[in-house]
Amino acid sequence: MSNRRRAHALIFAGSIIFAFLLQLTPLPLALAAFKPYWLALVMIYWAIEAPHRVGLGFAFLIGLGGDLLIGQVLGEQALRLVVLVFIVLRFRSRLRFFPIGQQSLAVLALLLNDRMVVMMIRGFAGDPMPPLDFWVAPVVGMLAWPFVFLLLDDLRARIRAKPT
Amino acid sequence: MPVTSPDKVSLFAEGTVSTLRLIVYLAAAMIIMVIDHRGGYLQGFRNMASLVVEPAYRAAALPSEVVRAGKLAIATQSHLVDENRALKEALLLAQVRLNRMSALTAQNDRLKQLLDVQRDLGLGVQLAQLIDIDLDPFRHRVVLNAGSVQAIVVGQPVLDAFGVMGQVVEVMPNTSVAMLITDPAHAIPVMVARTGLRTIAYGTGSIDRLQLPNIPISADVKVGDALVTSGLGGRFPAGFPVGEVLEISNDESGMFAAAVARPAAALDRSGEVLLLQDLPQPMGPPVPEPALQAPAGDSSAISTPGGRP
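Listed in order, the protein sequences are those of chains A and B.
Take the first sequence: its position 90, counting from 1, is numbered 359 in this note's numbering, and each next residue is one higher.
Take the second sequence: its position 231, counting from 1, is numbered 233 in this note's numbering, and each next residue is one higher.
It is possible that some hints are incorrect.
[What the hints assert, rightly or not] Below, a sample of chain B positions facing chain A; criterion: calculated Cβ distance under 8 Å:
{"#": "1", "residue": "R23"}
{"#": "2", "residue": "Y27"}
{"#": "3", "residue": "M35"}
{"#": "4", "residue": "H39"}
{"#": "5", "residue": "L44"}
{"#": "6", "residue": "V55"}
{"#": "7", "residue": "E56"}
{"#": "8", "residue": "P57"}
{"#": "9", "residue": "A62"}
{"#": "10", "residue": "L132"}
{"#": "11", "residue": "I135"}
{"#": "12", "residue": "D136"}
{"#": "13", "residue": "F140"}
{"#": "14", "residue": "P186"}
{"#": "15", "residue": "P191"}
{"#": "16", "residue": "A195"}
No wet-lab data here; the hints were simulated from the structure.
We put the beta carbon where it would ideally sit given N, CA and C, even for glycine.
With these hints in hand, go ahead and build the complete structure from the sequences.
Now the structure itself:
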């Protein structure tokens, strides 16, 4: 049992670290704007599947970590992830039972909302408005969601099936 | 956080998170943001956390380094021969220019001795390599593999073989972050090389465009004019190529002409960059002693036009 839990925790931590690295890894210049917010996708997954691990405080800390690595203003991603995880936890009981297509649409809505939060924060900070392709990344995130979901689900199912 | 077992929760239950906690965390995030925006403490935190941050940067850059190494390994010979020839030609051209320059430098030295000028234009440079990671596609920052251990300081101009790339804005022990001249928050004092007209080139957020929004309408600027750093502002030394004017039009008010320029530096290609070591002397009289409590003459106030927003 404890072995299985340890493996579960490993997947949990590993997926978040991997999301951080993926966020930093560059895409070719033409595709740079299409990079989805990997950290958000992974956080959504864990908020749906393991809400006992992912609370608002955890999202806050991960967001601060993200700001430390990637961000420009400390607290920006903390705010974004807290909003995101709050919405997911609020509607978790429904999101869980959505078919994957519907879930992807919900993820699109979450990521679009996240983009609006970013725009608000940057607007207050006095940054210029982002270009139009700023809004493409949520769509890519929606398309990436089924793969993230199935991959993490499959990893967890393997652990569950493994005899210990 | 206590969670009731799933079979007891109705499908339309409102979840288990309380709004109060949300408000507390949101308020905390906002307070941190405001404090950080005012004080800029993020760099300090990043410095403290550099033990974690720097390895993360290096790890994230690994895949692209592997790809680059792979490309080099399977590059065809004809491609390499072509590249070699192009580089030789460029070297030859540079040599010719350099030879002409050395004569000019000698002449310049003589004239300066005549004028009894103390200041020297000798440039100390450091080589650094780009770490290929992506901080944010909408802000143009690059990470360099040299930091305070290699004596990099905030404000050093970053150049490549073709022109000015940007300036260092953050320094960690072994890495530093540079802002490119195309970052929307960046501005660089430039001069039209042909006429000597001074203006400021702003970043646009797209990697191949600079904006020169306020040129007097009567000014003599043509498409194809080369822009060089003017040396005003005390951040970038004078005379380095910045870009080339692509188009000129009137701005909305009709009071100014606005030009668009293409950066001279190869901003979208990664590789080795040069960091200038000697910061140019700030203009104007020397900074007064702090004990004198003089109100004006602070060099930092002069260097703001090219500096951080």
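Results for each hint:
Nearest Cβ of chain A to the Cβ of R23 (chain B): about 5 Å, under the 8 Å cut. The hint holds. Using the Cβ-Cβ criterion of 8 Å, the hint placing Y27 (chain B) at the interface with chain A is satisfied: the shortest such distance is roughly 5 Å. Interface restraint check: M35 (chain B) against chain A, minimum CB-CB distance 4 Å, threshold 8 Å, status holds. About 6 Å separates the beta-carbon of H39 (chain B) from the nearest beta-carbon of chain A, less than 8 Å, and the hint is met.
For the restraint placing L44 (chain B) at the interface with chain A, the shortest Cβ-Cβ distance is roughly 4 Å, inside the 8 Å limit, so the hint holds. Residue-level restraint check for V55 (chain B) holds (minimum Cβ-Cβ distance to chain A is 6 Å; threshold 8 Å). Nearest Cβ of chain A to the Cβ of E56 (chain B): about 10 Å, over the 8 Å cut. The hint is violated. Contact between P57 (chain B) and chain A, as hinted, is not supported at the beta carbon level, the nearest pair being about 11 Å apart and thus beyond 8 Å.
With its C-beta approaching chain A no nearer than about 3 Å, A62 (chain B) sits inside the 8 Å limit, and its interface hint holds. Given the 8 Å rule on beta carbons, the hint for L132 (chain B) is violated: about 10 Å separates it from the nearest Cβ of chain A. The restraint placing I135 (chain B) at the interface with chain A holds, with a minimum CB-CB distance near 5 Å, inside the 8 Å limit. At a threshold of 8 Å, the smallest CB-CB gap from D136 (chain B) to chain A is about 4 Å, leaving the interface hint in force.
Among the interface hints, the one on F140 (chain B) holds; its C-beta lies about 5 Å from the nearest C-beta in chain A, closer than the 8 Å criterion. Because the beta carbon of P186 (chain B) sits about 5 Å from the nearest beta carbon in chain A, less than 8 Å, this interface hint is met. Interface restraint check: P191 (chain B) against chain A, minimum CB-CB distance 20 Å, threshold 8 Å, status violated. Taking 8 Å as the C-beta contact cut-off toward chain A, the hint placing A195 (chain B) at the interface is violated, the least distance being around 28 Å.
Violation of the numbered hints given earlier is confined to hints 7, 8, 10, 15 and 16; the remaining hints are satisfied by the structure.
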